Amino acid sequence: MKRVEEKLFQNRYRVDAGHTHVRITDPDVCRVACKTWPCTVCCPAACYTQEGDGRITLITDGCLECGTCRIICTEHRNIEWTYPRGGYGILFKFG
Amino acid sequence: MNENFDVIVVGAGPSGNAAAYTLARSGMRVLQIERGEYPGSKNVQGAILYADALERIIPDFREDAPLERHLIEQRVWMLDDTSYVGSAYRSADFSKPPFNRYTIIRAQFDKWFSQKVREAGVLVICETTVTGLLLDGQRVVGVQTDRAGGSIYADAVILADGVNSQLARKAGFRPEIEPREVALAVKEIHFLPEETIQSRFNVTGDEGVVIEMAGKITQGMVGTGFLYTNKESIAIGVGCLLSDFRKQKTSPYALLDRMKAHPAIAPLLAGGEMKEYTAHLIPEGGYHSIPPIYGDGWLMVGDAGMFVNGVHREGSNLAMTTGRLAAETLIALRSERKPFSARNLARYRASLDESFVMRDLRKYKNLPRIVEKNPQFFTAYPELMNKAAHTLISVDGVDKKAKERAIRQRFVAARSRLGLLGDFFKLWRAFE
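Chains E and H, in that order, are what the protein sequence lines are.
Using the working numbering, the first residue of the first sequence is number 1, and each one after it goes up by one.
Using the working numbering, the first residue of the second sequence is number 1, and each one after it goes up by one.
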């Protein structure tokens with residue numbers, strides 16, 4: 001079985017360095033208040049990982065722009081979600 | 001941009017393209033804005049194209065549209081961990097032109113559609129994200145983009161910005177989507193030589209096969225899998241309710257990998273080269289999750305309006321049809337010299353109500369809630385069916401009456417007599 005990183009490696013992206021289009025509003029909410037971290041399970045690109053100290057790290061480079069993380073964070077609504085700037089982000093070759 | 005447009009269309013997927021094309025053909029000045037590098041570069045679908053919806057917009061599309069295979073066979077599989085029971089319908093009649101269903105590769109297809117849109121006279125701007133709607137009170141008067149000097153005005157704005165429709169939410173036109181209203185689907189495309197696909201699926205030339213799957217592959221979640229044959233590639237994917245992924249704590253890519261390893265599926269993909277991994281939300285909440293779809297100066301089409309018939313795996317045809325009907329509403333109002341007010345745009349809703357779009361969504365209005373609350377249709381039953389088939393087919397010295405009794409007992413043990421009756425009633429209610 002392939003790791004998701006190997007899958008994402010097949011994709012084409014134009015990374016908008018310095019501009020992240022998805023942001024965790026308050027990292028403390030993830031660390032302290034959230035007990036389920038659905039983003040770490042549901043994100044199809046595994047952009048969210050939980051660190052040993054309970055922090056959630058978000059790296060959007062592999063983002064498939066599906067909207068899952070925003071919709072699944074129902075309890076805390078702790079994700080600011082926008083599309084990347086025009087022309088940036090995932091560029092599907094086949095779709 | 002100082003130019004004034006009759007209509008701005010946000011998004012260049014099937015619904016936006018259908019709308020923009022229809023508007024421009026009747027002489028409207030249309031601006032279409034797409035955030036991708038090219039139309040299609042942000043769009044994901046299985047993908048099956050239903051000819052009818054496109055034919056009503058571009059009758060001769062078969063002449064130059066990039067189509068993969070026309071479908072002559074549909075298989076439906078109910079899977080256990082090691083087996084499946086299935087049915088198939090294949091007909092030589094599906095090989096007689098004009099064909100009615102095709103597999104397509106969306107990046108190519110959308111580019112082609114967009115070219116037609118440009119030829120019809122639409123000004124298409126790519127690599128531009130619309131960041132908000134310009135409002136005058138409650139009336140939409142234009143859009144704000146991420147380009148410098150990015151305010152553009154028009155008499156109407158068509159929101160064809162996909163399932164996430166951030167614009168409608170930001171403007172307060174619709175609430176946030178709930179996790180049970182969308183299916184999260186992940187898909188891979190595997191490349192194989194044309195001859196391999198032909199021999200593996202028992203087809204010749206550009207004939208193709210689709211396989212729809214349910215059962216153990218979704219590991220207890222409400223959802224389905226699919227396999228579509230393209231010319232030189234296979235699309236394989238699985239989608240389940242987003243709320244179920246959260247409940248089951250299953251990651252979508254692991255689910256797909258397990259499905260690909262199923263003994264009935266793995267040989268179909270063997271030797272292929274995976275070239276892209278995609279994910280997409282499919283608005284499967286049905287009739288009850290359709291938000292307000294029009295207002296002063298704006299209309300909503302396609303996935304943004306949650307127009308998907310999850311039962312029949314139809315979406316792009318609803319997208320094109322809603323796009324076309326939205327455009328036709330604006331065209332009719334313009335010719336009557338009436339403003340694009342909410343009152344007048346109610347005609348769009350009326351035309352949808354009369355079309356197959358709302359008729360079908362109304363027919364299945366209870367189904368999303370029923371399947372969501374009854375995962376046994378995706379878990380217990382496929383397993384029972386597979387076991388039943390195994391029992392009946394195995395020749396092992398046990399008499400047939402005893403076999404039938406064993407099968408019956410398994411059904412009762414799994415669901416109870418009352419449960420079986422209840423499930424039958426629920427299914428009837430879902431499809432009535």
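Bear in mind the hints are in silico, worked out from the structure with no lab data behind them.
Be careful, since some hints might not be right.
[What the hints assert, rightly or not] Pairs of lysine to any residue, SDA-like flavour, derived with a Cα cap of 25 Å:
| hint | chain 1 | residue 1 | chain 2 | residue 2 |
| --- | --- | --- | --- | --- |
| 1 | H | LYS363 | H | GLN198 |
| 2 | H | LYS96 | H | LYS247 |
| 3 | H | LYS373 | H | LYS116 |
| 4 | H | LYS249 | E | LYS93 |
| 5 | H | LYS247 | H | ASP423 |
| 6 | E | LYS93 | H | LYS96 |
| 7 | H | LYS247 | E | ILE56 |
| 8 | H | LYS116 | H | PRO98 |
| 9 | E | LYS93 | H | VAL76 |
| 10 | H | LYS387 | H | VAL76 |
| 11 | E | LYS93 | H | ALA270 |
| 12 | H | LYS249 | E | ARG55 |
| 13 | H | LYS275 | E | VAL41 |
| 14 | H | LYS275 | E | ARG55 |
| 15 | E | LYS35 | H | THR250 |
| 16 | E | LYS93 | H | ASP423 |
| 17 | H | LYS373 | E | THR25 |
| 18 | H | LYS247 | E | LYS93 |
[Said to hold, decoys possible] Negatives, chain E to chain H, calculated, CB over 10 Å:
| hint | residue |
| --- | --- |
| 19 | LYS7 |
| 20 | THR20 |
| 21 | LYS35 |
| 22 | THR36 |
| 23 | GLU51 |
| 24 | GLY52 |
| 25 | ASP61 |
| 26 | GLU65 |
| 27 | CYS66 |
| 28 | THR74 |
| 29 | THR82 |
| 30 | GLY87 |
[To be verified] What follows is a list of derived Cβ distance ranges for each label pair:
| hint | chain 1 | residue 1 | chain 2 | residue 2 | range |
| --- | --- | --- | --- | --- | --- |
| 31 | E | PRO27 | H | PRO267 | 56 to 62 Å |
| 32 | E | ARG55 | H | PRO339 | 51 to 57 Å |
| 33 | H | GLY27 | E | ARG3 | 42 to 48 Å |
| 34 | E | THR25 | H | GLU404 | 58 to 64 Å |
| 35 | E | HIS19 | H | PRO267 | 27 to 33 Å |
| 36 | E | TYR13 | H | PHE424 | 36 to 42 Å |
| 37 | H | LYS170 | E | GLU75 | 51 to 57 Å |
| 38 | H | ALA261 | E | ARG12 | 22 to 28 Å |
Please read these numbers as outputs of a predicted model, since none were measured by experiment.
Glycine is no exception: its CB is placed at the ideal position from the N, C-alpha and C atoms.
Each hint tested on the structure:
1. Distance restraint check for H:LYS363 and H:GLN198: the Cα-Cα separation of roughly 37 Å exceeds the 25 Å cut-off, and the hinted pair is therefore not satisfied.
2. Proximity of H:LYS96 to H:LYS247 is assessed by CA-CA distance (about 46 Å); at most 25 Å being required, the pair is judged violated.
3. Distance restraint check for H:LYS373 and H:LYS116: the Cα-Cα separation of roughly 44 Å exceeds the 25 Å cut-off, and the hinted pair is therefore not satisfied.
4. In summary, the hint linking H:LYS249 to E:LYS93 is not supported, as the alpha carbons are separated by about 30 Å, beyond the 25 Å threshold.
5. As the CA atoms of H:LYS247 and H:ASP423 are separated by approximately 23 Å, the hinted pair is consistent with the 25 Å bound.
6. Between E:LYS93 and H:LYS96, the direct Cα distance comes to roughly 31 Å. Violation of the 25 Å bound is thereby established for this hinted pair.
7. At roughly 19 Å between alpha-carbon atoms, H:LYS247 and E:ILE56 fall within 25 Å of each other, so this suggested pair holds.
8. Taking the CA atoms of H:LYS116 and H:PRO98, the gap is near 21 Å; set against the 25 Å cutoff, the hint holds.
9. About 29 Å separates the Cα atoms of E:LYS93 and H:VAL76, which puts this hinted pair outside 25 Å; it is violated.
10. A threshold of 25 Å between alpha carbons decides the hint, and for H:LYS387 with H:VAL76 the separation of about 17 Å falls inside it, so the pair holds.
11. Between the alpha carbons of E:LYS93 and H:ALA270 the distance comes to roughly 22 Å, so the proposed pair stays at or under 25 Å and holds.
12. Distance restraint check for H:LYS249 and E:ARG55: the Cα-Cα separation of roughly 19 Å lies within the 25 Å cut-off, and the hinted pair is therefore satisfied.
13. Under the criterion of a C-alpha separation no larger than 25 Å, the hint pairing H:LYS275 with E:VAL41 is consistent with the structure, at around 24 Å.
14. With a C-alpha separation of about 33 Å, the suggested pairing of H:LYS275 with E:ARG55 is violated against the 25 Å cut-off.
15. Of the supplied pair hints, the one linking E:LYS35 and H:THR250 holds, its CA atoms being roughly 16 Å apart against a limit of 25 Å.
16. Annotation: proposed proximity of E:LYS93 to H:ASP423 is violated, straight-line Cα distance about 43 Å (limit 25 Å).
17. A hinted pair counts as satisfied when its Cα atoms are at most 25 Å apart, and H:LYS373 with E:THR25 does not qualify at roughly 33 Å.
18. Distance check on the hinted pair: H:LYS247 and E:LYS93 sit about 32 Å apart at the alpha-carbon level, beyond 25 Å; violated.
19. The beta carbon of E:LYS7 sits about 4 Å from the closest Cβ of chain H, which is not more than 10 Å, so the claim that it is off the interface is violated.
20. Every C-beta of chain H lies more than 10 Å from that of E:THR20, the closest at about 14 Å, which supports listing it as non-interface.
21. With a closest Cβ-Cβ approach of about 13 Å to chain H, E:LYS35 is found to remain outside the 10 Å limit, as its non-interface label requires.
22. A beta-carbon of chain H is positioned within 10 Å of the beta-carbon of E:THR36; the least distance is around 8 Å.
23. With a minimum CB-CB distance of about 18 Å to chain H, E:GLU51 clears the 10 Å threshold, and the non-interface call stands.
24. Against the 10 Å criterion, E:GLY52 stays outside the reach of chain H, whose nearest CB is about 19 Å from its own CB.
25. Chain H leaves E:ASP61 outside its interface by the beta-carbon criterion, the shortest separation being 14 Å against a cut-off of 10 Å.
26. At roughly 7 Å, the least C-beta separation between E:GLU65 and chain H is not larger than 10 Å, which violates its mark as non-interface.
27. Its closest Cβ contact with chain H, about 5 Å, brings E:CYS66 to no more than 10 Å, contrary to its assignment away from the interface.
28. The non-interface label for E:THR74 is inconsistent with chain H: the shortest C-beta to C-beta separation is roughly 6 Å, within 10 Å.
29. With a minimum CB-CB distance of about 7 Å to chain H, E:THR82 fails to clear the 10 Å threshold, and the non-interface call is violated.
30. Not every CB of chain H is more than 10 Å from the CB of E:GLY87 (nearest about 3 Å), against its label as outside the interface.
31. In this structure, E:PRO27 and H:PRO267 break the distance hint of 56 to 62 Å, their C-beta atoms being roughly 46 Å apart.
32. For E:ARG55 paired with H:PRO339, a C-beta distance near 53 Å keeps the hint of 51 to 57 Å intact.
33. As the Cβ distance of H:GLY27 to E:ARG3 is approximately 54 Å, the hint placing it in 42 to 48 Å is violated.
34. A hinted range of 58 to 64 Å holds for the C-beta pair E:THR25 and H:GLU404, which are about 60 Å apart.
35. A beta carbon spacing of about 45 Å between E:HIS19 and H:PRO267 contradicts the range 27 to 33 Å that was offered as a hint.
36. For E:TYR13 paired with H:PHE424, a C-beta distance near 49 Å fails the hint of 36 to 42 Å.
37. The supplied range of 51 to 57 Å is broken by H:LYS170 and E:GLU75, whose beta-carbon atoms lie about 22 Å from each other.
38. The beta-carbon spacing between H:ALA261 and E:ARG12, approximately 27 Å, falls within the hinted interval of 22 to 28 Å.
Hint check: violations occur at hints 1, 2, 3, 4, 6, 9, 14, 16, 17, 18, 19, 22, 26, 27, 28, 29, 30, 31, 33, 35, 36, 37; the rest are consistent with the structure.
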